[in-house]
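Top to bottom, those sequences are chains A and B.
For the first sequence, the residue numbers in the numbering used here are 19 to 454.
For the second sequence, the residue numbers in the numbering used here are -9 to 473.
Quick caveat, the hints were computed from the structure, so don't treat them as lab data.
Honestly, I wouldn't trust all of these hints.
A short list of chain B residues far from chain A (calculated; beta carbon distances all over 10 Å) [what the hints assert, rightly or not]:
id	residue
1	VAL23
2	GLY24
3	LYS37
4	ASP45
5	LYS49
6	VAL65
7	GLY273
8	LEU439
9	LYS446
10	ASP450
Below, simulated EDC-like cross-link-like pairs (lysine to aspartate or glutamate); rule was C-alpha separation at most 16 Å, straight line [to be verified]:
id	chain 1	residue 1	chain 2	residue 2
11	A	LYS434	A	ASP105
12	A	LYS66	A	ASP159
13	B	LYS417	A	ASP387
14	B	LYS359	A	ASP387
15	A	LYS389	B	GLU412
16	B	LYS344	A	ASP371
17	B	LYS372	A	ASP371
18	B	LYS372	A	ASP372
19	B	LYS408	A	ASP371
20	B	LYS56	B	GLU27
21	B	LYS372	A	ASP339
22	A	LYS389	B	GLU420
23	A	LYS389	B	ASP421
24	A	LYS389	B	ASP384
25	B	LYS408	A	ASP401
26	B	LYS391	A	ASP387
27	A	LYS66	B	GLU58
28	A	LYS66	B	ASP61
29	B	LYS190	B	ASP288
30	A	LYS418	A	GLU402
31	B	LYS408	A	ASP400
C-beta: ideal position from N, C-alpha, C; glycine also.
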Amino acid sequence: MATLTISDKERFLINQEGQDFSHEAKTFIKIRELALKNLKDLDFPTNKLEDWKYTNLRGISKIEFRPQSAINIIAAKVKAHKIPNLDAYTLVFVNGFFSAEFSDTAEEKDGNFVVTNLNTAKKKFIKFVEPYLGFQTRAKDQFFVNLNAAFSQDGAFVYVKAHQKLDKPVHIINLVDGDLVAAYPRNLIIADKLAEAQVVVSYETIDTASALSNVINEVFVAEGAHVQMDKIQNENGNTYHIGADYAVQHKDSTFTINTIPANGKLIRNNLSILLDGTGCTANLNGAICLNGDIHVDNQTYVDHAQPNCDSNELYKAVVNDQAASIFNGKIYVNKIAQQTNAFQSNANILMSDDAKANSKPQLEIYADDVKCSHGCTIGQFDDEALFYLRTRGIKESTAKKVLLEAFIGEVLDNIKIEAVRDYASALIAKNFNSKN
Amino acid sequence: MSMSDEDKIIEEATTGDYKYGFVTDIESDLAKVGLTEDTVRFISAKKDEPEWLLDWRLKAFRMWEKMEEPDWAHVSYPKPNFQDIIYYAAPKPKKEYESLDQVDPEILKTFEKLGVPINEQKALSGVAVDIVMDSVSVATTFKDKLGKLGIIFCSFSEAVKNHPELVREYVGSVVPQTDNFYSALNSAVFSDGSFCYIPKGVRCPMELSTYFRINEANTGQFERTLIIADEGAYVSYLEGCTAPQRDENQLHAAVVEIVAKKDAEVKYSTVQNWYPGDKKGRGGIFNFVTKRGICAGDNSKISWTQVETGSAVTWKYPSCILKGDNSVGEFFSVAVTNNMQQADTGTKMIHLGKNTKSTIVSKGISAGKSQNSYRGLVKIAKGADGARNFSQCDSLLIGAKCGAHTFPYIECQNKSAKVEHEATTSKIGEDQLFYCNQRGIKTDKAIGLIVNGFCKNVMDNLPMEFAIEAKKLLEISLEGSVG
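Start from the sequences and build out the full structure, keeping to the hints where you can.
The following block contains the structure:
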């Protein structure tokens, strides 16, 4: 009798099954079915794929990650992962599931906005969710995007009505608790015409067990709207984090995303911004300070589909120990996107002999009336600046810290909420201090 | 000036026809169409090669059969049918020439049209020319003078006959047979090429120059160049090409290998003007070239300078492996694409030795409906302490239908390395044009000025005679708006 062998991928997918989504509306089940269909043809990305040249995820397929709902979450543990001094609507998700107990939802407060979990929104606000959910993520070729689309349990839903402003930021806390958890949180953020919203998303783990966080953030920025998103990744050193952020911007809108990948085993961020109206501005920033043997891979893709848009990218990394920082930025300027201004800058400082930095800043330009530039540097702290500080009686470790603050500070300044900036800054200082 | 005038100039600039399209009628000795093991044996036998070289070719051929054509470059073209190509064409050997009078006047006329300095007057200008016409060397000058210094400068076949030990030691040492699809193909069927050896401590007193020319319809051109600079040697090597107009795509897959030993320096300059196809993109040369140099010894230096104006599709990455400590690699490039041309070109700088330095300056100019890409790799290996790289790639866009792209790869594994990369893309500045117009300079002249200024720091690296020719080519390529 022939033995039945199944591939790692198939076994992995079987492990993810067993969740019941039958209560969902047909339209959402369709999204899951399509994703499952796509997964059949896809496999875990390896570095043979150009987009995954520096990051190989085959290893994940061999680990028995499974979706698990968390039981007995202790309030103190959740509290420990809140950002100090941050006054915000807090939504807590544990292992991808909504934790109402620790969250304060604001459903149609004064009729101006909705801050709740996605599963509630799927029922109560289906008219807002349906046109947007999964709209950008129908990418057939992305394994992890489809994985999340198929198995996502819940996530945050933020909707701001036209001409309205969220009175305080929304803080979405994603916690992982348990052994070999596969968490699939998925957030949907919609800012209607001229609306304004600030969203902070943080990813944290409760203990040190290995986990897989496969996350998606979808953002829609309507005409003239402003959305700022801060993304803090602070998971334990055994956790794989594979995230994708999608944003669509319409006429005259502004979208800013600040990414702070601080801790984890492997972090991969795929940012994809579509500038689908004239006069848009997109800002993408990354403040990266790594230690240990973490592997961080930031990919950005800015699609200038319409004329007169600006995009600015600033990614700065300080790499210690055996850590690796990868930046792959792509700017695509469509034929009709005249008067495009696109700037991209990536600076890296290597602190140790085993640290690695790879950078691939790409421009693909099909319009002629454009100003596009990118710059990339890899180097060290300026010896002369260090010497200058030391001649003034500042000891070397302090001087280096000053230089670090100056280097990364340029990125952190883009975080508008003070409490979040302090939190991010502390994470970065901690990573830097461990060895230097 | 009105918009329509400007459109007209751009129109003219982007529809200029190839000026060097003419065919020389010389009988050729052709191989059978198609590629099999027999073709490889035929070529090897025809050239009277030793057995080790035939084995070497066959090894490459067997590997090539298993390889697939690469498709990662940012170009699209009908894949050549490798069984539809004649792999060997040599001008009929008449007899050994002693002076230029004996050379086929047709050939001489062709070179005259190109302005090739082959006659005695030109010889006085200090250029030794090893002419490769349809794959076989026809004439070599200055051999005696170079011979006295111990410099070997001859065709590849002659080198195989006269200096087999050198060829055997170095061929394939920088670009292995199996490096990529086209280098494997070249290794199997290469027809001829140039060989250059500069002995220890010798500074080559003149610039060595080879003119390549594709002449027979439907013949692939598979050149192989090997340059070896022994300890402390110096050579400046020029390669230039123009090709006659053709309807069918022609494949050109050359391999160039450079070895620079301790304290040696090699400067390699190219002006490339293969037939780019007509305005609609018909015909034109496919140029898939593997060029690589190794700074094998300490304090050695390899410098690539290229001006690319031709070919329908270009796929070319002159690279440096900086193995010796304190070695230096340089890459200066101007790539102009017009009409339907596609170019995917750049360099690789692989830093292995300590205190190695590399500089990359790449200028891309796209016009018409062309696509121009820079693709480069800077790799700093773990042991490359104090490595330093500076890269600059600028693109200039003329017209709204062209594209300019940049794909740099930067990999760094050493904390003491410094790598800088910057790239810009823009169109010719309205303010610069206005400034020139205001001072009575016509727009087409002004565009010429700006383009020349844009390329200046690459052109400055070309040897003088070459710089003049390169400038001329640049003007022809963008005629109407330039100069």
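Results for each hint:
1. For VAL23 of chain B, the non-interface assignment is confirmed: its Cβ lies about 35 Å from the closest Cβ of chain A, beyond the 10 Å cut-off.
2. GLY24 of chain B, annotated as away from the interface, keeps every beta carbon of chain A farther than 10 Å; the closest lies near 32 Å.
3. The Cβ of LYS37 of chain B sits about 39 Å from the closest Cβ of chain A, beyond the 10 Å cut-off, so the non-interface label holds.
4. Against chain A, the non-interface label of ASP45 of chain B holds: every CB pair exceeds 10 Å, the least being about 32 Å.
5. With a cut of 10 Å on Cβ distances, LYS49 of chain B stays outside the contact zone with chain A, its closest approach being about 26 Å.
6. With a closest Cβ-Cβ approach of about 13 Å to chain A, VAL65 of chain B is found to remain outside the 10 Å limit, as its non-interface label requires.
7. At the 10 Å boundary, the C-beta of GLY273 of chain B stays outside the reach of chain A, the nearest C-beta of that chain being 25 Å off.
8. Distance to chain A confirms LEU439 of chain B as a non-interface residue, since its nearest Cβ pair spans about 19 Å, more than 10 Å.
9. Remark: the non-interface label on LYS446 of chain B is consistent with the geometry, its nearest Cβ contact in chain A lying 20 Å away (cut-off 10 Å).
10. For ASP450 of chain B, the requirement that its beta carbon stay farther than 10 Å from each beta carbon of chain A is met, with the minimum near 23 Å.
11. For the proposed pair LYS434 of chain A and ASP105 of chain A, the alpha carbon gap of about 13 Å is at most 16 Å, so the pair holds.
12. A hinted pair counts as satisfied when its Cα atoms are at most 16 Å apart, and LYS66 of chain A with ASP159 of chain A qualifies at roughly 14 Å.
13. For the suggested pair LYS417 of chain B and ASP387 of chain A, the alpha carbons sit about 6 Å apart, so the restraint of at most 16 Å is met.
14. Under the criterion of a C-alpha separation no larger than 16 Å, the hint pairing LYS359 of chain B with ASP387 of chain A is consistent with the structure, at around 15 Å.
15. The hinted pair formed by LYS389 of chain A and GLU412 of chain B meets the criterion: a straight-line CA distance of about 13 Å does not exceed 16 Å.
16. For the given pair, LYS344 of chain B sits about 14 Å from ASP371 of chain A by alpha-carbon distance, which is consistent with the 16 Å threshold.
17. Restraint check: the Cα-Cα separation between LYS372 of chain B and ASP371 of chain A comes to about 7 Å, which is no more than 16 Å; the hinted pair holds.
18. For the proposed pair LYS372 of chain B and ASP372 of chain A, the alpha carbon gap of about 8 Å is at most 16 Å, so the pair holds.
19. A distance of roughly 13 Å separates the Cα atoms of LYS408 of chain B and ASP371 of chain A; the hinted pair therefore holds under the 16 Å criterion.
20. As the CA atoms of LYS56 of chain B and GLU27 of chain B are separated by approximately 14 Å, the hinted pair is consistent with the 16 Å bound.
21. Restraint check for LYS372 of chain B and ASP339 of chain A: satisfied, since their Cα atoms lie roughly 14 Å apart, inside the 16 Å limit.
22. Taking the CA atoms of LYS389 of chain A and GLU420 of chain B, the gap is near 13 Å; set against the 16 Å cutoff, the hint holds.
23. Proposed proximity of LYS389 of chain A and ASP421 of chain B is supported: the alpha carbons are some 14 Å apart, at most 16 Å.
24. With a C-alpha separation of about 11 Å, the suggested pair LYS389 of chain A and ASP384 of chain B falls inside the 16 Å cut-off, and the hint holds.
25. A hinted pair counts as satisfied when its Cα atoms are at most 16 Å apart, and LYS408 of chain B with ASP401 of chain A qualifies at roughly 13 Å.
26. A distance of roughly 11 Å separates the Cα atoms of LYS391 of chain B and ASP387 of chain A; the hinted pair therefore holds under the 16 Å criterion.
27. Restraint check for LYS66 of chain A and GLU58 of chain B: the C-alpha separation of about 15 Å stays at or below 16 Å, so the hint holds.
28. This hinted pair checks out: LYS66 of chain A and ASP61 of chain B have alpha carbons roughly 13 Å apart, not beyond 16 Å.
29. At most 16 Å may separate the alpha-carbon atoms for a hinted pair to count; LYS190 of chain B and ASP288 of chain B meet this at roughly 14 Å.
30. Proximity of LYS418 of chain A to GLU402 of chain A is assessed by CA-CA distance (about 12 Å); at most 16 Å being required, the pair is judged to hold.
31. As the CA atoms of LYS408 of chain B and ASP400 of chain A are separated by approximately 11 Å, the hinted pair is consistent with the 16 Å bound.
Every hint from the earlier list agrees with this structure, and none is contradicted.
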